[in-house]
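Colleague: Sequence:
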Amino acid sequence: MHLSGIKDISKFAMHYIIEEIDEDTSMEDLQKMMVVALIYRLLVCFYEIICIWGAGGATPGKFLLGLRVVTCDTSVLIAPSRVLVIPSSNVSITTSTIRALIKNFSIASFFPAFITLLFFQHNRTAYDIVAGTIVVKRNGVR
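Mind the numbering: the sequence shown is residues 1 to 142 in UniProt numbering, read in order.
The reader is advised that the hints may include incorrect statements.
What the hints assert, rightly or not - Below, computed lysine to aspartate or glutamate pairings styled on DMTMM-like, alpha-carbon distance capped at 20 Å:
| id | residue 1 | residue 2 |
| --- | --- | --- |
| 1 | 137 | 48 |
| 2 | 137 | 73 |
| 3 | 62 | 48 |
Keep in mind the hints are simulated off the structure, nothing from the lab. A quick note: this is a predicted structure, and the numbers were derived from the prediction, not measured.
Please build the complete structure, drawing on both the sequences and the hints.
Modeller: Here you go:
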């Protein structure tokens, strides 16, 4: 059974799209999209910097999951699901900025930075190791 008109509409749409696209318009649109994407990434970085540095080390999502980001120079396994984190202090604005920039621009460049957690000790990502941070459960959260 053939749906009447569907094939004709899609042909018309493709013809219209192909006819309307010219190289200058495409480049202008691409440049605008790149600027918007950069602004978006910077806003996401700013949001994450403020949350990790100023809001108890957690974005709203991490907070709801009972997680927070703390500094970590050394981590020692003390039980199967427990790690001693040294120094385990609040994240500074500089550290938060480094972490957010590496994380968000690696995502923007299509590098799956979160995959690195499979290869590093205590499931740390590459941006956590570079920034000297680790994601842990908040005290009192089970």
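Colleague: Next step is simple, just say for each hint if it's right about the structure.
Modeller: Hints, one by one, checked against the model:
1. 137 <-> 48: Judged against 20 Å, a Cα distance of about 18 Å means the pair holds.
2. 137 <-> 73: Within the cut-off at roughly 17 Å; holds.
3. 62 <-> 48: holds, 11 Å
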